[in-house]
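J.: Residue numbers (my numbering), protein chains in the order written: chain A, 1 to 203; chain B, 1 to 256.
Simulated from the structure, these hints should not be mistaken for laboratory data.
The beta-carbon is built from N, C-alpha and C at its ideal position, and this holds for glycine as well.
Keep in mind that a hint or two might mislead.
[Unchecked claim] So the derived list for chain A, only partly shown, Cβ under 8 Å to chain B, looks like this:
1. L93
2. A95
3. N100
4. S101
5. S104
6. S135
7. Q174
8. K177
9. D179
10. K191
Each chain is listed here by its residues.
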Amino acid sequence: MLKQISNLLFFVAMLSAFAAFAEATPSPTDEVRASVDAVIALLKDDQLDRDSRREKMRVVINDRFDFRAMSQRTLATNWKKASDTEKQQFTDLFAQLIQNSYVSKIESYTNETVEYPGEKLKGRKAVVNTLIITSSAEIPVNYRVYLKNGKWRVYDVIIEGVSLISNYRSSYQQIVKKDGFPGLLARMEAKIKELENAPPESG
Amino acid sequence: MGTSMQRLLLLLLIFAIPLAGWAEDAATTADTDAAAASQAATEEEDDLFLFEDEEELDVWDPIEPVNRGIFWVNDKLYFYLMKPVARGYRRVPEPWRVSVKNFFSNLATPIRFINSGLQGKFSDAGNELTRFIVNTTIGIGGFFDTAKDHFNVRMKDEDTGQTFGHYGLGPGPYLVLPILGPSNLRDGIGLFIDSRMDLLYYISEGRKYYGLKAYDKVNDLSLDKDTYEGIKKDALDPYLFVRDAFLQYRQNKVEN
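When you get a sec, could you build the whole thing from the sequences and use the hints?
T.: The structure is reproduced here in structure tokens:
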């Protein structure tokens with residue numbers, strides 16, 4: 001009898017532990033979808049002017065994208081050689097560049113719908129597949145995410161088979177090889193200034 | 001036609017041997033790079049486990065200065081000729097432009113049908129055949145993608161370059177083609193063969209063919225969301241960005 005009770009207790013304990021675990025780790029697709037939906041909602045909000053919309057989008061993106069992991073992957077072996085301040089500098093600049101390019105890209109998609117055909121889960125990592133449906137094309141955009149502190153965070157975006165990170169990596173490696181790490185940082189800074197001063201896009 | 005095809009096959013044979021060699025070279029350098037990256041991962045902090053699935057891109061650009069020159073010319077052509085034309089053409093209602101795209105795409109069916117077949121992807125080849133029959137008839141000469149819209153039979157992009165890649169041929173040196181843009185030796189040759197599988201080539205000739213090709217390109221550009229402008233704006237070096245994106249894009253196509 002006692003043994004049965006202890007078995008039962010054990011079972012209940014396991015069950016609640018499992019439930020807690022299930023609650024603590026939400027599905028990667030749900031989390032990515034929440035962020036994408038938030039961005040789309042901001043796009044459709046006519047009350048916002050361009051700057052405050054961008055500011056709000058940045059908050060959503062910052063919350064979902066792990067720019068430090070992205071920076072590590074982008075710099076690869078150069079990350080190891082960089083000093084701590086250089087790492088921090090790079091991460092900040094890189095975050096600004098990615099935000100800029102992501103935001104301006106997403107601003108051009110206004111009337112399109114996003115589908116979530118599936119996800120691939122592998123331990124602490126997952127790939128969330130999305131499909132942007134436009135009137136003339138379907139663009140597969142896959143988000144690579146990993147679980148950090150109970151939250152799925154994006155560490156790469158793959159658009160039509162082209163990984164954002166791999167793409168930046170090979171360009172940046174060439175620049176580091178030619179102009180050194182300070183040269184890369186200087187070019188990134190100049191680029192951000194240029195983007196900030198650029199007039200709003202048309203057509 | 002027959003003789004030009006034979007010439008091309010001969011050309012291919014000549015190129016095939018060195019191409020195979022390049023592919024091997026690129027693979028070995030990629031291996032050592034990957035090894036270096038994984039060694040770095042063991043010594044680095046927690047998140048570097050993310051490096052495990054690192055895909056290395058083989059970039060071989062032996063004639064970079066020449067390519068950069070052609071890239072520069074294409075850039076000017078884009079901004080001062082093609083884009084203004086496409087922008088003006090955007091006044092044509094979008095549904096019409098989508099239909100034009102469907103029409104040209106339907107004519108290009110043999111490219112996808114033959115290459116799916118050559119890669120042993122018979123269900124994809126079957127889909128292409130179905131799409132062609134449905135879209136040519138119910139879709140009124142291919143102007144409507146009825147197969148996709150009503151029967152959910154979707155297009156899958158296959159071409160000769162992908163077939164070469166499927167059988168292990170490496171991309172070879174990166175090439176920027178005048179007007180046509182980024183390519184590599186393998187896919188450039190593929191592009192030429194593709195053009196001879198395109199029904200457009202057989203229903204129009206000479207100037208009319210090139211005119212229609214240009215129209216197809218402008219029509220595509222009018223539907224594009226200013227991708228190139230975005231790259232020009234964001235990238236530190238647009239040439240490198242386009243090159244690496246193109247090579248990744250093609251590698252992914254070959255694998256799928």
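J.: Would you pick out the hints that fail for this structure and give their numbers low to high?
T.: The structure conflicts with hints 1, 2, 8, 9, although it agrees with all the remaining ones.
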